[in-house]
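Enquirer: Sequence:
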Amino acid sequence: MPGAAVSPVSPPVSPVSRAALPLFPALPAGLLCLPGLLFFPGLFVLARRALAAIAGCPPGRATVLAARHWLAAAYPPFAVPYFVYDVYAMYLCHLQRAQVKGHGQGGTGGARAAAAAFLRRELLMVLHHAAMVLVCFPVATERFYPKIGAKYRPAQPNLTVAPSSVTVEGQPLVFFCAAPPGAAERRFGFFQEELEVTDGIWEGSGAGGARLRVEKSDRNRTGNFSCRYEEMTEGRWIASYRSDAVLVIVKGPCPAPLLSVEPPSGVVAAGQRLRLTCAAPRRRFRRRFRFFHDGAELVPSADDVIGDVTEEGAELLFLRISPEMSGNFSCRLEEEVGGAWLEAPPSRGVAVVVWGGSRWRGMRPGDDTGTFPMGDYEVAA
Numbered sequence: 001m002p003g004a005a006v007s008p009v010s011p012p013v014s015p016v017s018r019a020a021l022p023l024f025p026a027l028p029a030g031l032l033c034l035p036g037l038l039f040f041p042g043l044f045v046l047a048r049r050a051l052a053a054i055a056g057c058p059p060g061r062a063t064v065l066a067a068r069h070w071l072a073a074a075y076p077p078f079a080v081p082y083f084v085y086d087v088y089a090m091y092l093c094h095l096q097r098a099q100v101k102g103h104g105q106g107g108t109g110g111a112r113a114a115a116a117a118f119l120r121r122e123l124l125m126v127l128h129h130a131a132m133v134l135v136c137f138p139v140a141t142e143r144f145y146p147k148i149g150a151k152y153r154p155a156q157p158n159l160t161v162a163p164s165s166v167t168v169e170g171q172p173l174v175f176f177c178a179a180p181p182g183a184a185e186r187r188f189g190f191f192q193e194e195l196e197v198t199d200g201i202w203e204g205s206g207a208g209g210a211r212l213r214v215e216k217s218d219r220n221r222t223g224n225f226s227c228r229y230e231e232m233t234e235g236r237w238i239a240s241y242r243s244d245a246v247l248v249i250v251k252g253p254c255p256a257p258l259l260s261v262e263p264p265s266g267v268v269a270a271g272q273r274l275r276l277t278c279a280a281p282r283r284r285f286r287r288r289f290r291f292f293h294d295g296a297e298l299v300p301s302a303d304d305v306i307g308d309v310t311e312e313g314a315e316l317l318f319l320r321i322s323p324e325m326s327g328n329f330s331c332r333l334e335e336e337v338g339g340a341w342l343e344a345p346p347s348r349g350v351a352v353v354v355w356g357g358s359r360w361r362g363m364r365p366g367d368d369t370g371t372f373p374m375g376d377y378e379v380a381a
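Numbering of the sequence shown is given in UniProt numbering, commencing with residue 1 and proceeding in unit increments.
Think of the hints as simulated: they come from the structure by calculation, not from any bench. Be careful, since some hints might not be right.
Said to hold, decoys possible - Calculated lysine to aspartate or glutamate pairs in the DMTMM-like style (CA-CA distance at most 20 Å, straight line): (1) Lys216 - Glu234; (2) Lys216 - Glu169; (3) Lys251 - Glu122; (4) Lys251 - Glu315; (5) Lys216 - Glu335; (6) Lys216 - Glu312; (7) Lys216 - Glu203; (8) Lys251 - Glu185; (9) Lys216 - Glu230; (10) Lys251 - Asp218; (11) Lys216 - Glu297; (12) Lys251 - Glu193; (13) Lys251 - Glu215; (14) Lys251 - Glu335; (15) Lys251 - Glu169.
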C-alpha cells in the first residue's frame, strides 16, 4: 500500500486540549495582576464604608479614639509566625515532592535548586507572605506609627447670670462660666446667639471658670447667652461643647404710676371717706408703692388710714378724712431688680380739697357733691 506504514505499537496522537492553551496569549504576564490590584483595594474601601455605616460611626475625627481592640493588638504576634511557618512548610513540600519523584530542577540540584524552583513557582505567594511579615505587621504596631486618634472634646461648662437673667436698662449683668475641674490651661469665651461678646470687664479667669461683667445693660442685651472654653492639649487648643443657653431679658425702666382719687373730683367733706389708688402695669419684678402728701410720705395706721394691695397696684383708704389732709397727693413705685429697689418716676399730683377745712373757699362749678352729708343721711351720686 502506498504511503507510510503506521506501527501498531505507536501511541495515538491526541489532539491538543483547549485547557492547556493560555487564556490570554497576547497579554504580558504583568497585566494579569492589574485586575487584582484594582479589585482588592476597591473591596477594602467598600467594606470599610459599609462597616462604618452599619456601626453608625460619624465621619468627624473628633469621635476617633487612639485605643485599639485587643484582637487588633494580639493579631500581629500570632500571624507573623504563622506566615513564616506557612512559607517554610510550602518549601518543604516542594522539596520533598522533587526528591521523591525525581523530576524538576529540585530533584537534581539539591536544596538550592529546589529553593529556586520553589520561588519561580510560588513567587506571588512568597511575596505576599513576605510583605505581610516585613511591612504590614510592623506598620500595624504602635512602635512604627504615630497615634492618629483624637481626644474627646472637653466637657460642657455651666453658665449663670447674676443678679438675675431678667433686669432693666442701666443695671449691671455678671456672666460666670464654670468649667469642670482640670489642670490644663484654658481660655474662655462668651457668646450672644452666635456672636462672641467682646465688650465688658473680665473680673477673673482661671482653670475653674471666668467672669464677665457688663456695667450697664441695654435692650441690645436681650437674647440667648452661652459660653465655652478651649483646653490646651499636646500643643493644640481643643474647644469644648457650648453651655446650655440662658435667656437674658432686659426691660425698659418702669413708667410712672397713675394716681386716681375717689371721688374723682378730689373734693370731699370732712369726716368722709377718701380712696387713693396707685396703679402700674404688672411686670416680673417684686414691687411696692408709697404715697405722699405735700412731699411727706403717708404711713397707713390702724385708726383711720388703711393700706391695701390690689391686682393693678395699691390703695390708701381714709375712713374719716380730716380738713388737714387738703393738699397735693402723689405716689411712687419701686421694683426689686437684682436685690436692689429701683424707683420709678413719681406720678402726677392730684389735688384734694376737704370741705370745712382751713383751705375751703366754697364750692366751685363742677364740684362733686355726691358725698356731702345732710343730717343723718348721705346723698349718693
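Enquirer: Please work out if Lys251 and Asp218 have their alpha carbons no farther apart than 20 Å.
Expert: Holds - the C-alpha atoms of Asp218 and Lys251 are around 8 Å apart, at most 20 Å.
Enquirer: Just to be careful, I want the Cα atoms of Lys251 and Glu122 compared with a cutoff of 20 Å; is the pair within it?
Expert: Measuring from Cα to Cα gives roughly 86 Å; hence the hint is violated.
Enquirer: Lys216 and Glu297 were given as a pair; does the straight-line alpha-carbon distance stay at or below 20 Å?
Expert: violated, 31 Å
Enquirer: Can the restraint linking Lys251 and Glu315 be considered satisfied, given a maximum Cα separation of 20 Å?
Expert: Judged against 20 Å, a Cα distance of about 26 Å means the pair is violated.
Enquirer: Does Glu215 sit within 20 Å of Lys251, going by the straight-line distance between their CA atoms?
Expert: holds, 16 Å
Enquirer: With the threshold set at 20 Å, check whether the alpha-carbon distance from Lys216 to Glu169 stays at or below it.
Expert: holds, 7 Å
Enquirer: Run the distance test for Lys251 versus Glu193: straight-line Cα separation, threshold 20 Å.
Expert: With a Cα-Cα distance of about 18 Å, the restraint between Lys251 and Glu193 holds, given a limit of 20 Å.
Enquirer: Mind checking the alpha carbons of Lys251 and Glu185 for me, to see if they're no more than 20 Å apart?
Expert: Status violated; Cα separation ~38 Å.
Enquirer: Mind checking the alpha carbons of Lys216 and Glu234 for me, to see if they're no more than 20 Å apart?
Expert: violated, 40 Å
Enquirer: Taking only the CA atoms, is the gap from Lys216 to Glu335 under or equal to 20 Å?
Expert: Holds: Lys216 and Glu335 sit about 17 Å apart, inside 20 Å.
Enquirer: Quickly compare the C-alpha distance for Lys251 and Glu169 to 20 Å and report which way the hint goes.
Expert: Satisfied, since the Cα-Cα distance of roughly 6 Å is no more than 20 Å.
Enquirer: Checking one constraint from the list: CA of Lys216 to CA of Glu230, max 20 Å. Satisfied?
Expert: The given pair, whose Cα atoms are some 28 Å apart, is violated under the 20 Å limit.
In the structure shown, a violation is registered for the earlier hints numbered 1, 3, 4, 6, 8, 9, 11, in ascending order.
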